[in-house]
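Undergrad: Residues per chain are reported as follows:
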Amino acid sequence: MSTLAPPMATGDVETLVGAPMSYWRTVAWRLRRDPTTIVAGALLVLIALAAILAPVIAPHDPGAGSIRLRLAPIGTSSHLLGTDEQGRDMLTRLLWGGRMTLLTGLTPVLVGFLLGTVLGVLAGFVGGLTNTLIMRTMDVFYAFPAVLLAIAISGSLGPGLWNTLIALSVVFVPRVVRVAESATVQVKSLEFVAAARASGSGVWPIMRHHLLANVLGPVLVFSSTQVSLSIILAAGLSFLGLGVTPPAAEWGLMLNTLRGSIYVNAWVPALPGVAIFLTSMAFNLLSDGLRDAMEIRV
Amino acid sequence: MRRLETVVASLFALLAFAGPAGAQGTLRIGMTASDIPYSGGQPDNGFEGFRFVGYQIYEPLIAWDLTRSDRPAALVPGLAESWEVRKADPTKWVFKLRRNVKFHDGSPFTADAVVFTWESIKKKDAPHFDTYGSAQVIPRLASLKAMKKLDDHTVEIETNTPTSFVPYQVCYMMIVSPVQWQKFKDWRKFADQPSGTGPFRLTKLVPRERLELEAFKEYWNPSRRPKVDKAIFLPMPEPTTRLAALRSGQVDWIEVPPPDAIPQLKAAGFQIVMNTYPHNWTHTLRLDKEPWNNKLVRKAANYAIDRVGICKSLLNDTCAPASGITYKGHPWYGTPKETYEYNPTKAKELLRQAGFDGASKRPVKAVHLISTSGSGQMLPLPMNELVQKNLKEVGIDIDLQPVEWNALTQRFRVGFTGENAGMNAWNISFNFQEPWSAFGRFFHSKSVVPASLNTMPYINPEVDKLLDEAAQAFDIGRQNEILAKLHEIVVDDAPWIFIVHDLNPRAMSARVKGFVPPQSWFVDLTSVSVGK
Amino acid sequence: MWAYVGRRLLLAIPTLLGASIIVFAMVHLAPGDPMSAVMPVDASQADIEAARRMYGFDQPLPVQYLRWLGRVAQGDLGASIATRRPVLQDVYAALKNSLVLALSASVLSFGIGIALGLFAAFQRGRALDKLMSAVAIVGVSVPHYWAGIILIIIFSVQLNWLPAMGAAAEDGVLEYLKHMALPTIALALIPLGVLTRVVRSAALDILAQEFVLALRAKGLGRAMVFAHVVKNSAPQILTVLGLQFGFALGGSVLVETVFSWPGTGYLMNLAIFQRDLPLLQGIILVLATFFVVLNLAVDLAQTLVDPRIARH
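Residue numbers (our numbering), protein chains in the order written: chain A, 1 to 298; chain B, 299 to 830; chain C, 831 to 1142.
Fair warning: there could be bad hints in the mix.
In the EDC-like style, the derived pairs of lysine to aspartate or glutamate whose C-alpha atoms are separated by at most 16 Å in a straight line are [stated by the list, open to error]:
#: 1; chain 1: C; residue 1: K926; chain 2: B; residue 2: E512
#: 2; chain 1: B; residue 1: K525; chain 2: B; residue 2: E512
#: 3; chain 1: B; residue 1: K385; chain 2: B; residue 2: E456
#: 4; chain 1: B; residue 1: K481; chain 2: B; residue 2: E382
#: 5; chain 1: B; residue 1: K420; chain 2: B; residue 2: E456
#: 6; chain 1: C; residue 1: K960; chain 2: A; residue 2: D61
#: 7; chain 1: B; residue 1: K626; chain 2: B; residue 2: E636
#: 8; chain 1: B; residue 1: K687; chain 2: A; residue 2: D61
#: 9; chain 1: B; residue 1: K390; chain 2: B; residue 2: D403
Read the hints as simulated data drawn from the structure, not as lab findings.
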């Protein structure tokens, strides 16, 4: 059950179309006032900046490693966070790895958001056979838990960046479709939509307005909750050897290759996981804040 | 409430401090295989299958002598007491079988068992044909054509063409008990309750989890009756898992500990056991395309590798530098002209002679396919990165393309065609236990893919001639001489970048005694005992 | 309501069929050759082709699919290429282990999660609520495979209290439990976080409803309010419970890999890398079927608790 946007006066279309902006302004205002959201947002900005600027700020070359300096502990001079099993600087690879992890984490959710919204709204709006076709197909994919589906598809396609993106997108699209369809159906059933239809004025402007507030909203919030899962899954796939391939720097892959070294130097292998954890948590806090600000329960 | 707390506390105490006890005389081994090797006769999982299942439960007619460390394992009588080729018709060999040998099920070992086993591998329409086992072992029995019973204790083996390599093939055929098979008439069921003549018998098999063997009290050779009562094998494909299992006392012996952990294992009182054995870690080069079609360039590459560096700094001395296919001390080593020690100056000089300038003019460029893991592949990624670095230092630029191990072996089998058309080499490890696996399958012109594994392709009529000669040399001394000469030629041709020989490191608890690491892929577990 | 039940059951069939097509397509359209994965490295291409013909892997795909489907309908999932054992047997053994792990992780996370969630809701706004919520968010954000590694580092490597791998089912119940401890904790973290948050949120919703205030004004005791909250949030919680159990079972791959726990996830990993197609197909199909049934059960249970849902 989603709470709808603040009620607005029925009137001509222009007034209605004018209304959404103040809704989003309200959301923004609420976001600004929540300290947790601010902190999470700041953390994410930091992480994103670090990832984007990695080529500039990284102290070393991510591929360059001296075998003799393998698994240097945290705090070694010139290798602040130690070195990995091939002697490559951890700080550098964490920075570079962020790009890969963020890419593989965010892209599928974005694809899911776009494709899922389109499919879901279509299914909800048109109804009938189209709806059945789309929703039942989504159900089939939805029957598989995210992890299983991602691994099964990845396992079939093989490792590699593109295959990972495809696999994860296939995981997220059905979920977004469900949320979008459900919200669209609810909007469609609103009384004043029926009234507008009865009176003969166009349904589309009304639909458009409500779609923005009442469908996009829940979908956006839902998608934001999936980012953390996507990041964990993407890293997880690389961890299993199914995602990004060596010698690329990616947090999940680093966890995998460093795993063998926990008996030699326990804490360097833990670092990529810390990175995944912090990023994931920041996204979760942000999506919480978004949800509270939009007063949506998904 | 009080009682609950006590129960919880004592439960926790129990959990925290109770440990799994190793029964007296039980040997527990952590293998690198990810599953229990096939126990129905002809093992799978490569040589680890032979090592822990095949040669423990079963025996071939001719066996490996695994009791000595100081020289490569040689062939000795197994279930056959003696064998000899017929002078009149060298395609026929007469094997005299050992008497008074019993299978685990009690039935006697006779020529019938040999013929039965042969048919299970070769006779497709026989009710006892083992599709799976046959697929595993057939590549190793290429020259054998037929086996015939002459009487209860004599068998005649016929080959396609006369070849002296027969013993080297016969040693891979495990003899199974026909009587036991007839009880089930199904190889899967037989695999769960197999019967061979080996020093151990199978008592329990949990797929993918556990194999339990017990000493076979009526084993025919009293000097090889096992000292332990039980041997348990656990598949542990992850090196960290094996390490954890050894350190926590869950197993007594692990194959291939992570090299990084060796110093701390030694410090904690574990034994690290190694020996040279017939293993090669190399880059097999493509000889019909630039840059490796130029012999000088190939030699240059071989002089550019700091093998000692790889072994010392990366692998904690668990490997030895390789300067050929076999190693010094091996009867097939000979005295090759090129010694391929680490000499970047010489490498650069050779490249200059070949017309490659490295710096501005023509640098050498190549694409090499490597794997990310795999049995026998050691630590492919770090090792290859070192190799890449070494080569770059002399002006050879190789681009490494890692693929998953299974993918690599599949692609390797089809050679440098199709999707591999752009590749210049592959990094796969090989064994060289017998002349075929050392030389025949790679360097004979008849072995060009897809017939066998000559992917390069290496065509040298002189080598062909020597290989054919060796196959006709029925005297082992003469055979070794020819093979040594062959080796010298191949080393000079440098169709591979020879890098290292693995030393098959094993880690075991101090309680494990009596193990003799042979120069072989296989082991003899009968001399091992586990103290308190 | 029975119409609803009937409809849902009927819908499950095309879902399962669709799932089987996806499973088959995924596995067979994948690159790579199953035959050469299980042959010795020494085998030449000629040997592989011969083996392939022996196994009959050269049929066209739709034919293979229908044949496979036919056998599946009779309960025969084929035989694993690697072990030649019936796939069903392998999967069954692995499923048992995964279920044990998933169940214990679920029990652990549900118990603690629901308790924390309710507690947080009733302590709304105060310090303890903030603490619970923080714990919950940490739980949800932590990559469980990484948590597994950390647990191994602390409890196996450094303290040597608990074993790091395997299930050791043969060594007795105690050993099994010891081996189960760390993987269970690792697997329970995310569901714990999710449940705490969902329960807290649902409980708060209900507490905020006007008639609850009215009830309290009338003098209804704490316990009754509590019971009311529980009853009303049940459907929503039930859905989440189902989903999270599904996550624990399906998501166990990552944890099982870290701990070498011989469950379906571990088996699936093995099947993928060995290109053991029949096994891979079998595992995914069994799991998918399990989940369709699970979702169905959750839906039906929801209907029982709150018949209003059935009207949709």
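Undergrad: For each hint, tell me whether it holds in the structure or not.
TA: Okay, the hints, checked on the actual structure:
no.: 1; hint: C:K926 to B:E512; in the structure: 28 Å, violated
no.: 2; hint: B:K525 to B:E512; in the structure: 10 Å, holds
no.: 3; hint: B:K385 to B:E456; in the structure: 13 Å, holds
no.: 4; hint: B:K481 to B:E382; in the structure: 34 Å, violated
no.: 5; hint: B:K420 to B:E456; in the structure: 13 Å, holds
no.: 6; hint: C:K960 to A:D61; in the structure: 42 Å, violated
no.: 7; hint: B:K626 to B:E636; in the structure: 13 Å, holds
no.: 8; hint: B:K687 to A:D61; in the structure: 15 Å, holds
no.: 9; hint: B:K390 to B:D403; in the structure: 32 Å, violated
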